[in-house]
Each structure stands twice: as structure tokens, then as C-alpha cells.
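Engineer: Line by line, the protein sequences give chains A and B. Heads up: the first sequence at position 201 corresponds to 200 in numbering that gives the first Met the number 0, and the numbers run straight through without jumps. Heads up: the second sequence at position 8 corresponds to 7 in numbering that gives the first Met the number 0, and the numbers run straight through without jumps.
For the record, the hints were derived by calculation from the structure and aren't laboratory data. One or more hints might be untrue.
Straight-line distance between alpha carbons at most 25 Å, and here's what the computed PhoX-like set of lysine-lysine pairs gives [said to hold, decoys possible]:
no.	chain 1	residue 1	chain 2	residue 2
1	B	Lys-200	A	Lys-185
2	B	Lys-238	B	Lys-200
3	B	Lys-11	B	Lys-211
4	A	Lys-10	A	Lys-191
5	B	Lys-169	B	Lys-200
6	A	Lys-9	A	Lys-191
7	B	Lys-177	A	Lys-220
8	B	Lys-98	B	Lys-211
9	A	Lys-191	B	Lys-238
10	A	Lys-256	B	Lys-211
11	B	Lys-177	A	Lys-161
12	B	Lys-177	B	Lys-211
13	B	Lys-200	B	Lys-11
14	B	Lys-198	B	Lys-11
15	B	Lys-44	B	Lys-211
16	B	Lys-177	A	Lys-185
17	B	Lys-98	B	Lys-238
18	A	Lys-10	A	Lys-185
19	B	Lys-98	B	Lys-177
20	B	Lys-200	B	Lys-177
21	B	Lys-169	A	Lys-256
Here are the chains, one letter per residue:
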Amino acid sequence: MAAATVIYTKKNHVARITLNRPETDNIINQQLAQELVDICRGINQDDDIYVVVITGAGDRVFCGGSELERLVQRANTVEVSSAKLKDAATKYNVATSVASIDRPVVAAINGDALGWGLELALSCDIRLAVDKARFGLPQLASGLIPMDGGTQRLPRIVGRSKALELILTARTISAEEACAIGLVTKVVAQEKLASEVEILARAIAGKAPIALRYAKEAINKGLDLTLEQGLRLEADLYFLLHTTSDRTEGIKAFLEKRAAQFRGR
Amino acid sequence: MSDFEVIIYEKKDGIGYVTLNRSRSLNAYNIRMRDELYQVLTAIKDDPEVKVAILKGAGEKAFCAGADLTEFLTAPSPTIARQVRWERDIWGLLLSITKPLIAALQGYVLGSGLEMALCCDIRLASEDAQFGVPEMDLGIIPAAGGSQTLPRVIGGAQALEVLLSGRWLKAEEARRLKLVNQVVARDELLPAAERLANKIKAYDPVAVSYAKQAITRGLDLSLERGLELEANLADYLIKSPT
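Isolated chain A (complex conformation) (with noise of 0.2 Å):
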């Protein structure tokens, strides 16, 4: 068998992803496909997760995009484009993957996010990046469109106008701009990036982990509700939370001025 192309690693409640080819961009081919599928069916069994971290290895790529992308692009011609996309046997159903966890999801992209890699980091929940990365969504350039979430998600991110014009020119765009659009939450330097999400992870696990779950819920599929919709469910989820020991316990904690114990029961 080859060697992972994903690490995975968990401590202190944080689960670790690492995409790891850094050899060629972290790009994204049939194996790390699988393997991150299998990460993220694993992390939604494991009670023992309260937040996870997807990032890439080395310090210039997050991740470059995917095999299908690069095969398109070395293709030339739209015909030959089809023709290989009809031959991949399955799409990298990745950010899909990723989306599917229920647990919030931090994106630390340690550098450039382009194409898939950027529909995978756009399936995380929040994102830091260093100040070196560029985001862009280039596939109309080699014929095809984002296909892993990309045309859906990018909007809804940073507005219907901004995505139709990112990838309507395939234009890539420097941290800093993706910080002022509000793809990125914070830009930091390549140094500060490990302490930043450190610092974020640690204070998200630090609270109860069901409500972590119920409040990633509340949001991401509250917006796809009207607003009376999405008040029923946050309401419910919120009612639901009062049967849990770790409510008890953190008003209790509260009262008494000291941090809370959180179980996740």
C-alpha cells in the first residue's frame, strides 16, 4: 500500500488533518481522496472530537486543487477535456466529506488554495490564512467549472456579485483581498499561523461539545432556511440542550465563577 497521503492525528479533543503531498501541491488524487472520505466518516463516530483542523503540508501550498484538474489543464483542447473527465472513474468527492462533519471545522491554509483546494477549504467553517496564500477558483480557464461545491458555496460566502466575477475570470486573488471579502476570517504571518489556530481550537474546545455541534447545525442549515424556519430549529436544538448534564454543569460553573467541566452528556 502507499504511503498516506493524509495525516491524521488527535489530541486534547482536536483532530488534525494534514494533506500530504507536498511534492506535488498537495494536490488531490483518487488515494487522498479516499483517505480523507474515511477520516471524516471516522471523525463523526468519535465522541472524542470537539473540533478538527484541516491544513496542508509544507509552507507555500494548502492545497493546489486535484489530478482531474491537472489532467484537464495538460489536455489543451475542450474535446480531450471531456474525454478525460468521462474516463475518471469518480469525482473527489472531498469538501462534500468534509461538510458532512458535524463538528466545527477550521481551515489553516498554510498557503496557496486554488481549484479543488479551494472548494475544500470552502466546506470548513472558518478559515485563517497566512498572508502569502492566493484563493482562486480557475477551472473556466481549462473549460470546466468548480465541481465540488465551488459555484454554490462561494457565493454564499462572499456574495453572488464577488463569485460570479472570481470565477468568471478564473482571476486569483491575494490573501489580503480574500481577507476584505470575507473569505478568510484572519490573515496572519506564515510564523503565526500554528499558534492562531492553536489559540482558536483550544477555545472551541473548550465548550460543551454537543452545543458546539447543535450550534454548527443552527447555522449552516439555518441559512438555508426562511428565518421562521431556522428560529424553529435553533429553538428546538436550544430545548434539546436543557436535557444535557454539561448545561447543568456550565450555568452552575458560571454562578460560580470557575470554568466549567464539559463531558459531552
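We have chain A already, so just place chain B on it with the hints.
Structural biologist: Here is chain B on its own, set in the frame of chain A:
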């Protein structure tokens, strides 16, 4: 309505002023406040003399620092609490008011306080305002609509970051994220809110309420249905004798 304890309601020149008045408890939201607010909001909704309302906090330190937690552990069972929530749907009432609501935010704007502000249409903040959703530290999620209104105002990713980390925002960051429309000096807060209210109340109140409905209800519709809504509302305006 003179027997209010924790709300002050005043009406002046077409503007309704709602003041959360528990300044010793940082205007924390409690059951009493819910019941009094319910009456006041009903009055604002029904009173044709009120064209626009301003929500503000009493004292110097807070708009509202959240829910009064001392009442939390006395709550009935979750099933009964759920029933009560919809029997007296205070946030649904607030969101159903078709007159413009302006929130004047100072000091602590936390938890339910921020959620109340998010049910308003325009948010002004003073430079000392601080915003946060600390619910996650209690093992719960927001319950006054915050998980729905916050992402609709600042976007899903920003809302998740603020909610999940429990991080507080200062006024300037709140403005950058479009959580508040404008930041002003502390002594300018009420005057700025009043200038805005005076400007709005000078317009035809039916047109104002239609504009609010077209925008807020339209955001829940497909573009096609939203355009129909707009066309219908405009049609009523043109045909109705004023």
C-alpha cells in the same frame, strides 16, 4: 402601562423609546422584562402614532449584558419551557413589527442583548460598545434567534467564529463586519439614533413599512418571488389613496 419596573416606555413626536431599565444588573434580560417588553412591543405594533422605535439601555455600562442566569436553574422542564417559548413568542413579536426599529448600543451588548439588537433593523453603537455571544460557555446555544440572525447579518463563517470561540468584538470590528451600521461617540449615540428616526418618520409610514417588508421578507424568498412581493407592495402604494 405605568406599572413597569424594568422597562421605560416613552412616546414623543412619533418616536417610541424603549429603555431596558435594570441598570444595576447591566440591564440583564429576565422574565419580568420579557413580559413588560411583550406589552410594549404590542403597543408599538398597534399604535398608529408611533412611526419608528428606538431601543436603548439605561445607565452607562450596558445596552443589555444577556439573560439573567439566576433564573435559569429555576426553569421548568425542557418540554414546558418549549411550550412557554411559543406561547409568548417575544422574538417573533419583535421581528413581526413592520415599523423600523433602531437599536442604540452602548457598553455590554451580550447574549440576549445582542440577539435583541439583531432583531432590530438598524444598529448604531457607541465607541465603547462590546459585542459577544457567551452562550457556548454555558453549554447551550443562543435562543433569542441569534444563531439565525447573526449569520444573516455577518455571514455564516464569521458567525461561527464569533459564536464557537466566544470571542468578544469591539465596536470598530463590529462595524467592519457590518454587525452595526455606524459607530459614534458615546454622547452622540442617542442624538444619532434620533436624527435617523426623525428622517425616517418624515416619510409616508405605509411606504416605510412596505420597504421594510420588501427587504426583510424578500430575503427569505427566491428572487422571482421577491420581485413579485415588491411589485405587489408598490402596486398597493400607487393605488391606495393617502
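Engineer: All hints are to be evaluated individually against the structure, with a verdict given for each.
Structural biologist: Here's how the hints hold up against the structure:
1. B:Lys-200 <-> A:Lys-185: violated (40 Å)
2. B:Lys-238 <-> B:Lys-200: It holds: about 22 Å lies between the C-alpha atoms, which stays within 25 Å.
3. B:Lys-11 <-> B:Lys-211: It holds: about 22 Å lies between the C-alpha atoms, which stays within 25 Å.
4. A:Lys-10 <-> A:Lys-191: holds (20 Å)
5. B:Lys-169 <-> B:Lys-200: Answer violated: B:Lys-169 to B:Lys-200 is near 30 Å, above 25 Å.
6. A:Lys-9 <-> A:Lys-191: Holds. A:Lys-9 to A:Lys-191 sits at ~21 Å (cutoff 25 Å).
7. B:Lys-177 <-> A:Lys-220: holds (22 Å)
8. B:Lys-98 <-> B:Lys-211: holds (7 Å)
9. A:Lys-191 <-> B:Lys-238: violated (62 Å)
10. A:Lys-256 <-> B:Lys-211: Given pair A:Lys-256, B:Lys-211 is violated - Cα atoms ~43 Å apart, limit 25 Å.
11. B:Lys-177 <-> A:Lys-161: holds (17 Å)
12. B:Lys-177 <-> B:Lys-211: holds (18 Å)
13. B:Lys-200 <-> B:Lys-11: OK: B:Lys-200 and B:Lys-11 at ~12 Å, within 25 Å.
14. B:Lys-198 <-> B:Lys-11: With Cα atoms ~15 Å apart, B:Lys-198 and B:Lys-11 stay inside 25 Å; holds.
15. B:Lys-44 <-> B:Lys-211: Since the Cα atoms of B:Lys-44 and B:Lys-211 sit roughly 14 Å apart, the hinted pair holds (cutoff 25 Å).
16. B:Lys-177 <-> A:Lys-185: holds (16 Å)
17. B:Lys-98 <-> B:Lys-238: Judged against 25 Å, a Cα distance of about 21 Å means the pair holds.
18. A:Lys-10 <-> A:Lys-185: Measuring from Cα to Cα gives roughly 24 Å; hence the hint holds.
19. B:Lys-98 <-> B:Lys-177: holds (21 Å)
20. B:Lys-200 <-> B:Lys-177: Holds, at about 24 Å.
21. B:Lys-169 <-> A:Lys-256: Given pair B:Lys-169, A:Lys-256 holds - Cα atoms ~24 Å apart, limit 25 Å.
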